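Peer 1: By the count of the working numbering, the sequence shown reaches residue 310 at its end, each step adding exactly one.
The set of hints was computed from the structure by calculation and includes no laboratory data.
Note that the coordinates shown come from a computational prediction; the quantities given were computed from them, not determined experimentally.
Virtual Cβ for every residue (Gly too), placed ideally from N, Cα, C.
Heads up, some of the hints might be wrong.
Label pairs and their calculated CB-CB ranges [stated by the list, open to error]: (1) E81 - G198: 46 to 56 angstroms; (2) A289 - K119: 21 to 31 angstroms; (3) L43 - R268: 46 to 56 angstroms; (4) G198 - M228: 19 to 29 angstroms; (5) G239 - W68: 51 to 61 angstroms; (6) A91 - G129: 24 to 34 angstroms; (7) T237 - E81: 19 to 29 angstroms; (8) P87 - D224: 44 to 54 angstroms; (9) G132 - I46: 55 to 65 angstroms.
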Amino acid sequence: MAENKRIDAPTGTQTVGHEWDGIEELDTPMPRWWVFTFWACILWGIGYIVLFPAIPLLNGSTPGLWNWSSRGELEQQMKAETLRRAPITNALAAIPVEQLAGNEKLYQAAIEGGRAAFKVHCVQCHGSGAAGSQGYPNLNDDDWLWGGDLPAIHYTLTHGIRQPDHEETRFSQMPAFGGVLSGGEIDAVATYVQTLSGKAKPSAQSAAGATLFANNCSSCHGTDGKGMREFGAPNLTDGIWLYGGDIASIKTTVAKARYGVMPRWNNRLDPVTIKMLAAYVHSLGGGEANAAPAPAVVPDPEKVAANVQP
Numbered sequence: 001m002a003e004n005k006r007i008d009a010p011t012g013t014q015t016v017g018h019e020w021d022g023i024e025e026l027d028t029p030m031p032r033w034w035v036f037t038f039w040a041c042i043l044w045g046i047g048y049i050v051l052f053p054a055i056p057l058l059n060g061s062t063p064g065l066w067n068w069s070s071r072g073e074l075e076q077q078m079k080a081e082t083l084r085r086a087p088i089t090n091a092l093a094a095i096p097v098e099q100l101a102g103n104e105k106l107y108q109a110a111i112e113g114g115r116a117a118f119k120v121h122c123v124q125c126h127g128s129g130a131a132g133s134q135g136y137p138n139l140n141d142d143d144w145l146w147g148g149d150l151p152a153i154h155y156t157l158t159h160g161i162r163q164p165d166h167e168e169t170r171f172s173q174m175p176a177f178g179g180v181l182s183g184g185e186i187d188a189v190a191t192y193v194q195t196l197s198g199k200a201k202p203s204a205q206s207a208a209g210a211t212l213f214a215n216n217c218s219s220c221h222g223t224d225g226k227g228m229r230e231f232g233a234p235n236l237t238d239g240i241w242l243y244g245g246d247i248a249s250i251k252t253t254v255a256k257a258r259y260g261v262m263p264r265w266n267n268r269l270d271p272v273t274i275k276m277l278a279a280y281v282h283s284l285g286g287g288e289a290n291a292a293p294a295p296a297v298v299p300d301p302e303k304v305a306a307n308v309q310p
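Produce the entire structure from the sequences given, and follow the hints as far as they go.
Peer 2: Printed below as a string of structure tokens:
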């Protein structure tokens, strides 16, 4: 093709020697700024490969002369943040959960930390506003199966609910009465349960259900239907229902029972984070006042002195 090269008269530029149907291509040189940019990019790329992680290897990549990585930078930032929070974190670790609400500064710090942890670990079941849904408790109200003060909430978070691998878990089990009571008897019990919360008026059917309730349900829910926290049995006289308070839902609960679970967090989160979560949940509006702490035992100085070895 070299023999076909010529100088294009109108532009004064040499052609490359190609021709297609009378159309020729000019061998116009690249602008100098473009050539300089091109070589600068090549030099920058070589420098990046030398200084930073770049070339993939079997178990990672070349570290680069500066040994920098985004993960390493994040780790440094996390360490710095941990150091910044250390005074509050250490104070939260040291204070008993029963005394946390009495220390306003620590309590507010715990609430804010718990708010962040809740968004990561708890919203999947309880919702972003902690209002729950069917089968998942609303944490904003004052209805608690095992207690709503700080220690009770902290225990529930720590040990979970119905965790078969953990002996200290919260555990309650309602029998499925579908194989114990007939369909008509289940209807009667469900109707009576509705009368306890005012959702239905007393009737002959509910009267029959009252007898069945006394014989089969009162040992856990109490003779008045207000529940017993030592068994995790819910209060049936209020308007709060975990699985629904309509007649069909109550019949299903009586016939088949419910078996909701909650993970224990003591094998997933550190104790301070669990304490902060307890403080946040307690602050949502339904948290109960803590029980009065037991009076401190003051040792007798004379007895202490007598027991000191010389």
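Peer 1: Please check whether G198 and M228 have a Cβ separation lying inside 19 to 29 angstroms.
Peer 2: 21 angstroms, holds
Peer 1: Taking 55 to 65 angstroms as the stated bounds, is the beta-carbon spacing between G132 and I46 within them?
Peer 2: Holds: the Cβ-Cβ distance is about 58 angstroms, inside 55 to 65 angstroms.
Peer 1: How does the Cβ-Cβ distance of A91 and G129 compare with 24 to 34 angstroms: does it lie in that range?
Peer 2: 29 angstroms, holds
Peer 1: Can you tell me whether the CB distance of A289 to K119 sits inside 21 to 31 angstroms?
Peer 2: 26 angstroms, holds
Peer 1: Does 51 to 61 angstroms hold as the CB distance between G239 and W68, or does it fail?
Peer 2: With Cβ atoms ~60 angstroms apart, the hint holds.
Peer 1: Is 19 to 29 angstroms a correct range for the gap between the Cβ atoms of T237 and E81?
Peer 2: 48 angstroms, violated
Peer 1: Lying within 44 to 54 angstroms: is that true of the beta-carbon distance P87 to D224?
Peer 2: 49 angstroms, holds
Peer 1: At the C-beta level, are E81 and G198 separated by a distance inside 46 to 56 angstroms?
Peer 2: At 52 angstroms between Cβs, range holds.
Peer 1: For L43 and R268, compare the CB-CB distance with the range 46 to 56 angstroms and indicate the outcome.
Peer 2: 49 angstroms, holds
The earlier numbered hint that this structure contradicts is number 7, and it is the only one.
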